[in-house]
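**Q** Letter by letter, the chains look like this.
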Amino acid sequence: MNTIKTLLTGTALSLCALPALAQQEVVWWDFLAGGDGVRMKALIERFNEEHPDIQITGTTLEWGVPFYTKVRTSAAVGQGPDVMTYHLSRLPLGLEEGVLTKITDEDLETAGLSKDDFYDRAIDAASGPDGDLYAVPFDIHSIVLYYNKSFLEGSRFLDDQGNLTGIESLEDFEEALALAKENGSQAPVSYATGDDGGTYRVFFTLLRQQDGELITDGEPLAGDNLEKAVRAIEIMTKWTEEGWQPEQAEYEASVALFTSGKSAFHMNGVWEVPTMTDMAEEGTLGFEWGAVQVPTLMDTQTTWADSHAFAIPVQGDEEMSEEKRDAVMTVIGWMEENAISWADAGHIPAYLPVAESDEFQSMEPNATYSSLADTASYDPRSEVAGVASPVYDAAINIISPAIHGYLDPQQAAEQIKSSLTDVMD
Amino acid sequence: MAMLTNRRKNFVVAMSLIAPFVLIFALVFLYPTIRMVQLSFTEGPLIGQGQWIGLENYRELLTDNLFYTSLKNNGYFVLLTVVPTTVLALLIALAVNRLSGRLQAVMLMIFFLPYILPVSVVTMIWAWMLDFQFGILQPVFAFFTGKPVPVFKNPSWVMPMVAVVTIWWTNGFNVLLFIAGLRNIPSELYEASALDGATKRQQFFRVTWPLLWPVTTLVLTLQLILQLKIFDQVYLLSNGGPFNSSYVLLLMVYREAFQLNHGGYASAIALVLFLVIVVVSVLQFQLLRAGGKRQ
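Chains as they are written, first to last, in UniProt numbering: chain A, 1 to 425; chain B, 1 to 295.
None of these hints come from the bench; they were simulated from the model.
Predicted model, so just to flag it, every value in this text is computed and none were measured.
Ideal Cβ positions, reconstructed from N, Cα and C, are used throughout, including at glycine.
Hints may contain errors.
A few chain A residues that face chain B, going by a derived Cβ cut-off under 7 Å, partial list only [claimed, not checked]:
(1) 69
(2) 396
(3) 401
(4) 421
Chain A extracted, bound-state conformation (with noise of 0.2 Å):
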């Protein structure tokens, strides 16, 4: 109903305006509910009350597969939004669906941008198999170990100013865990065990820190990678065995372990930072909290990552205006110069003068993750990887029960390799 009122009020007001000022507004969609939702909706308020020119009307839409069809159905009769966020993840599978128009180098200087002023990595995944631009990378997000140093005082695990230490090896974490454990911890590491996306972060992790690759050349766990995988499997199963993990935790729930003061450690997305910030402001977190980059448990240091980035899709069998684009282009260099305040969600923002300002590197505790963007591992560049994909499904369908001990880990791994395979036919 408010997204109603909101949008007539703004097709009202674009009206009124339009003969006076010819004011653009700029149809904005996003899948952002949650903390970082109501930082973006801060930004774009506050775009909207220095341009008078441009006004963004902005629409939440649920985050997943529903976005991705909305945008894809939309833009193909021209009723999409003029500006969209978008996964990095997804960029492949968006290229094959035809939704995207290129971002020109042209398009950049109106924003303001350039090439060079975002990371590399994010750039690459950005750009389409000839090379253009098709989205405008806004942050690097990736998962981050949370910890609560209740239950590792005392320990080696922790040095004189009681910030995390002495993890370099699985070993080395299994015996944070257990001690955790011994300590009163109900479930030493928590993530969303019985979630696609927690799953599969983790598990990804664990490949690609023993240099695994989940899709080669279009084939699915090529080779040793397999066994890798199996590895990685059998790492998850283990810590459910040794009850290090919780059975079956939904996102929710995986998050309440933590901030209920019952896990010492935390794999999940920046995006929570937010929600342990403001609970240690109000008093409510009841421990002393930190987060760090996910540690080296295998041979290499990366982890798991994505990126959101801004896209315009197409608008039907028409061309956006000139003015529109350029004012859609405003909108866009706007944010990434902005970024700061986005930050504030957890994100690691991949426009490098904000990235590099004595502003975001002072910024706890993004700041001591912030490494990881230069070590970070996207999905596989592929149609069937990325958010809300074929590869998100297997997580659910297949790594999660199999943690759980309904399958052996060689097994599950086949059936990741064949599911795989048979939807990229």
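Got chain A; can you put chain B on it based on the hints?
**A** Just chain B now, kept in the frame of chain A:
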């Protein structure tokens, strides 16, 4: 002559009366259906034109393991729901029929209430009641199996539980049909048979059952069609998992069309499902009718 004009007039009136329906039917059902059949012979995406590839989609479907898994699960689900829900509805209807007045109305309302709920509300209620950590039904599972069961994440529990939820949700309508059927049986038949010394049991098998057979046939057929079209509950409760143990044909259509952008292939699956439903339900209806005649 007068009669002829009259006839012609009647024809015009009749045509103009059914025209609105025919037009709307053609626009929103017939035309899309024809286009969908066309689409199933192409490799087209969800939106836009695709190349004509003849029967290739169907050929691919026959080698797709997921298709057979889904088909099997659809069959399993039909077994779990159609006959049980019909038997349950009959028992409830017989019980409710013995009540009278306001009490009967209240009982009927209680059984019918779930039917008016939207599917998302139904699945939400059950997902919470069966929640692994907080579900109020978990102590029951713990009592019988020794530990809580994550029912929608367990390959052997998932389909039966989706069936239970579905039966709970849709049973009210069947009860209503049976009540209507029971009320249509003249009470003289019971009086007459009682005079002849028929027991309650005999009355049921000689009077109620045969006279209720047409309604039973109807319920069974409606249920068969409905349950073959299972999608919402699976999508909302288990998403086809774990290990595809609740993967059904319509979920496959949805994933192919909306996730993978394979409009042509998805249409082919949908068409095959349509044919399966037509064949199975016609067959079932004929069989049941034949069975009814013998009695």
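**Q** Next step is simple, just say for each hint if it's right about the structure.
**A** Here is what the structure says about each hint:
1. For the restraint placing residue 69 (chain A) at the interface with chain B, the shortest Cβ-Cβ distance is roughly 5 Å, inside the 7 Å limit, so the hint holds.
2. Interface hint at residue 396 (chain A): satisfied, since its Cβ lies 6 Å from the closest Cβ of chain B, which is below the 7 Å cut-off.
3. Checking residue 401 (chain A) against chain B: minimum C-beta separation of about 4 Å stays under 7 Å; hint holds.
4. Hint status for residue 421 (chain A): violated, given a least beta-carbon distance of 11 Å to chain B, over 7 Å.
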